[in-house]
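Given chain A, put chains B and C in place with the hints provided.
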Amino acid sequence: MENGQEDHGMGSEDIRHNEERWREEVRELDELKARFMTTSSEEIDPLYTPDSLGDFEYLDELGFPGEYPYTRGVYKNMYRGRLWTMRMFAGFGTAEDTNERFLYLLEHGQTGLSTAFDLPTLYGYDSDAPDSAGEVGRCGVAVSSLEDMEILFNGIDLDQVSTSMTINGPAAILLAFYAAMAEKQDIPLEKLSGTTQNDILKEYIAQKEFIFPPEPSMRLITDTVEFCARRMPRWHPISISGYHIREAGSTAVQELAFTLADGFAYVEDALARGLDVDDFAPRLSFFFNAHNDFFEEIAKYRAARRIYARRMKEKYGAKNERSLLMRFHTQTAGCSLTAQQPENNIVRVTIQALAGVLGGTQSLHTNSMDETLALPSDTAAKIALRTQQVIAHESGVVNTIDPLAGSYFVESMTNRMEAEAEVYFDRIEKLGGVIPAIEKGFFQQEIARAAYRYQTEIDGDDRVIVGVNRYVEEDEKIEIPILEITREMHDRQIARLQALRERRDETAVSASLAEVRRVCTGTENVMPSLIEAATNHCTLGEIVDVMREVFGTYREPAMF
Amino acid sequence: MTEKKIRILVAKPGLDGHDRGAKVVAAALRDAGMEVIYTGLRQTPEMIVNAAVQEDVDVIALSILSGAHLTHFPAVLELMKEQGIIGEVLLTGGGIIPEGDIEALKEQGTGQLFGPGTNTRDIVEYIRNWHEGRS
Amino acid sequence: MVSEAGNHEALIAGVLNGEWRATARAISIIENSEAGRVEILSRLYPSGRSGRVCGITGPSGAGKSTLVDRLASHYRGADERVGILCVDPTSPFSGGALLGDRIRMNEIVLDPGVFIRSMATRGSRGGLGKAAREVISVLEATGTEQVLVETVGVGQVELDIAEAADTVVVVLVPESGDGIQAMKAGLMEIGDVFVVNKADRDGAEGLRIEIESVLGLRTGREWRPPVLTTIASEGRGITELADAILSHREWLEVSGEGERRRRSRIMSYVKEIVQDALAASLWEEGGYRRQLEEYLPEILEGRRDPFSVAEDILAASGMLESLNRDSD
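Note that the protein sequences, when read in sequence, are chains A, B and C. The letter at position 545 of the first sequence is residue 545 when you use the working numbering, and the numbering goes up by one with no holes. In short: position in the second sequence from 1, add 1000, done, that's the working numbering. In short: position in the third sequence from 1, add 2000, done, that's the working numbering.
The shape of chain A in the complex, shown without the other chains (with noise of 0.2 Å):
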């Protein structure tokens, strides 16, 4: 090892003087641009040599895969043991549209569930809420009860199949209907698998779908928190999302340092709650984006799982090897996505699926070519999911572990990412923390500068998007076919309800609902008086309502 340092100390002097000579060679040549820069506008060098990584101690900085610090990824063997999850995100119209998508999908391959609901749901509103107009089914499926939620999964074994559930304001209620689904089969708690995303901080800073102010929000998710860790091992909680601030236009880094940030923020809540960091951590998982700039997703990746055991073994203490390890779901980038000349999509998503496989994403969710005109139909979902199939089995890239390791460009980049983000971070701290971060609107203004600088460099042709400002096709038609949410989706999902509504007993439902004040009221764990709620079909809307009472509701902040 000694002479190993000594030898590269005199090679990089060698190197040193080559790569300067060599630099002022290529000073003189034209370049076809300024400025060479990634797609979260950083500019790139040239060349990336030795010199790039400075004192570089690879056990240090990478360790070997299944190890600390976990940049080469969270399994010893990855993708030679087992390949990603696909999991491809579907929800439209009633619980049988999107029933009998999910049947389409695991019959074709796909071997987990995700599900979208429609932002009534997501924002807590029954389908047919006044505030519901115009929405129900569009943007996701429609579920307000436990019925819905029974028919979403008919023909679906809960004990064989993992299911994500993309839903944040009201996480704890719809868990509560999985949880209310499964006792009524007689399926132990214990033996469900899935995700909930569950991660109200980058709602605030982001996606903008919350209900409650933020210190009652943080209580619901501990309590999902703690509730899973002693009834439902096999649930992820929380699904600590990136995603969705790269999507509202954040950089590369910022979706990296905003994300830990909120991972932080909910481990020391839990903490605080005097819960032990290796009794929930080890089911905490993550969620990011698939951008489009190759190496600098990967970059991202390797960064976020480095920082993270990192921090969780030197800040929080964690003893438990499995709650170091940053397990995430990727998707690749919507935003990314052109209504013009839709199919290259494909090529987009294809790129981005190969960046987050590089990256060693535990799962994946490849968008389909239609996604900027309408919900996916299902040819081009299915195409998106065969994107994944020839990743896996074709392109030859699971064979071996990390392949970019000791890239100069991708490792000096990680580098970077990681000590970017930690700038991040005392800027938060220096902020109070990520809550009154948020207040102040300090995220929420990072990203829409970063989202304008990055349409300004598109609308004044410093950056190039292949159909939008550069080779154009002039009247264009647009030929695919788009997936309809159609009047009588939604007349037959109020139908429903309604019916419902009828049909249960009440005196069960206002007994319920007096018990879920109760306890909201208090500080006792609210799941298990959710499941009963659930159980006595109380609806998802009936149940935010009395919640909405006890806890107030949010308003975004000023942001400029």
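Calculated from the structure, these hints are not laboratory results. Among these hints, one or two may not hold up.
Unchecked claim - Distance windows between CB atoms, simulated:
| # | chain 1 | residue 1 | chain 2 | residue 2 | range |
| --- | --- | --- | --- | --- | --- |
| 1 | A | Ala34 | C | Glu2212 | 33 to 43 Å |
| 2 | A | Thr523 | C | Arg2260 | 52 to 62 Å |
| 3 | A | Val550 | C | Asp2202 | 56 to 66 Å |
| 4 | B | Gly1084 | C | Ser2308 | 53 to 63 Å |
| 5 | C | Tyr2269 | A | Val550 | 37 to 47 Å |
| 6 | C | Ala2316 | A | Ala34 | 49 to 59 Å |
| 7 | C | Glu2212 | A | Ala508 | 35 to 45 Å |
| 8 | C | Glu2234 | A | Glu524 | 38 to 48 Å |
As the list claims (entries may be wrong) - Chain A side only, calculated, beta carbon under 10 Å to chain C, not exhaustive:
| # | residue |
| --- | --- |
| 9 | Gly54 |
| 10 | Gly81 |
| 11 | Pro436 |
| 12 | Arg548 |
What the hints assert, rightly or not - To list a few chain A residues with every Cβ distance to chain C over 12 Å, as calculated:
| # | residue |
| --- | --- |
| 13 | Glu28 |
| 14 | Ser162 |
| 15 | Leu385 |
| 16 | Leu431 |
| 17 | Glu439 |
| 18 | Lys440 |
| 19 | Thr553 |
For glycine and all other residues, C-beta sits at the position ideal for the given N, C-alpha and C.
Frame of chain A, contents of chains B and C only:
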């Protein structure tokens, strides 16, 4: 010595929380010298038209990505009629809106509606042209 | 838009009747200096003496909009109508502005008894500007019982708000350095009522004491500004704030200070009108802007100095024979 500026209301109707586009467009309109009244998320048609009247705006711009455009645009048009500002105030906007729906909404009285990938300069130019044609 | 005399008649009647649409149009005419501005302002002036203009100022992020929202709700509870003006800076680069105060006013935006107008400072060089003061007078003329003017307390704006409002409420939050910033910015000089908002945060009591002690140094004044604590987001402390504003108004009347301020305000308003009219008649109508431009090269080349050029212009216009060379 007039200092007439184009005043424009930018709002997100309904439940859709995707405000990236609305904010980017708001910033672009500001940088084009317009006064942008940004009302934020979860605006009802009543809130939108009420604000448009009190702020005496020239233009209302709505951003809808949730697919609920056939509900929200007509509701706003209806209230604009009620308040007597239709024709006087331009209703425009953008989001994920299929071509056929854009045509239908324009027939009902909206101005141009912009889809994904629109250059913000085109939006600025459209509003300026409309404004010049009016005054 | 075409302006006709008849329109202004209806518009003026509308404003006096408290109709929001007419009020909104009248404000635009004033903001844009459209034809009819003087007529509208002079006709509305006698009705614009409510004496109930409350300025709310403070650093950005202090929760002013939320406070205005809650204060307006409070007044609505007593069935009083409220006119609100939110002033934000114009971008010096583009001349445009992003006005986002409505975001925080969800509680009242649909109340027919509340009128909210967002306004950019435009050409007023960072200050509140004459137009804003005139817009306030339109709001007063609508007969609303309360007029609230929200401004960001930076630069020239807060001095202007002190001139335009009867009562100035300065809002601060317990954040590192906010108190010191406020003192530097001169906010301590203009406040009639101080509010420590977000009072559930750490450091609130410290900030309150800090303000009290600085105010203690403000000697020789009859009105001792109260320092209140609020949590606007939860509606706490709002009644006390409304009471403090009311007490200040009563003091203004009893002490004669209100009368003194009105006199000084009228003095400077009339002077400003005269100066603006003179300037306009000289530069634009008299065509002396062109003449000045013709002189420019001579000044640039050092053949003339600005004073002698000014004297030439004044003499030519017949306004003044020569500059008083003894004055400063």
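Evaluation of the provided hints:
Between A:Ala34 and C:Glu2212 the beta carbons are some 57 Å apart, a value that contradicts the proposed interval 33 to 43 Å. Between A:Thr523 and C:Arg2260, the C-beta spacing of about 57 Å keeps the proposed range 52 to 62 Å intact. About 26 Å separates the C-beta atoms of A:Val550 and C:Asp2202, a value inconsistent with the hinted range of 56 to 66 Å. A beta carbon spacing of about 58 Å between B:Gly1084 and C:Ser2308 agrees with the range 53 to 63 Å that was offered as a hint.
One distance hint, 37 to 47 Å for the beta-carbon pair C:Tyr2269 and A:Val550, is violated here, with the actual separation near 52 Å. Between C:Ala2316 and A:Ala34 the CB atoms are about 53 Å apart, so this pair conforms to the stated range of 49 to 59 Å. A hinted range of 35 to 45 Å for the beta carbons of C:Glu2212 and A:Ala508 is inconsistent with their spacing of about 57 Å. Between C:Glu2234 and A:Glu524, the C-beta spacing of about 24 Å breaks the proposed range 38 to 48 Å.
Hint status for A:Gly54: violated, given a least beta-carbon distance of 35 Å to chain C, over 10 Å. The beta carbon of A:Gly81 is not positioned within 10 Å of any beta carbon in chain C (closest approach about 50 Å), and the interface hint is therefore violated. Residue-level restraint check for A:Pro436 holds (minimum Cβ-Cβ distance to chain C is 8 Å; threshold 10 Å). The criterion of a C-beta within 10 Å of any C-beta in chain C is not met by A:Arg548, whose closest approach is roughly 14 Å, and the hint is violated.
Consistency note on A:Glu28: stated as away from chain C, and its beta-carbon is indeed over 12 Å from all of that chain's, at 37 Å minimum. Against the 12 Å criterion, A:Ser162 stays outside the reach of chain C, whose nearest CB is about 39 Å from its own CB. Listed as a non-interface residue, A:Leu385 keeps its Cβ farther than 12 Å from every Cβ of chain C; the least gap is roughly 41 Å. Listed as outside the interface, A:Leu431 is inconsistent with that label: its C-beta sits roughly 9 Å from the nearest C-beta of chain C, within the 12 Å cut-off.
Look at A:Glu439: its CB is around 9 Å from the nearest CB on chain C, not clear of 12 Å, so calling it non-interface is violated. For A:Lys440, the shortest C-beta to C-beta distance to chain C comes to about 6 Å, within the 12 Å cut-off, and the non-interface label is violated. Annotated as non-interface, A:Thr553 brings its C-beta within 12 Å of a C-beta of chain C; the closest such distance is 9 Å.
Consistency note: the structure conflicts with the earlier hints numbered 1, 3, 5, 7, 8, 9, 10, 12, 16, 17, 18, 19.
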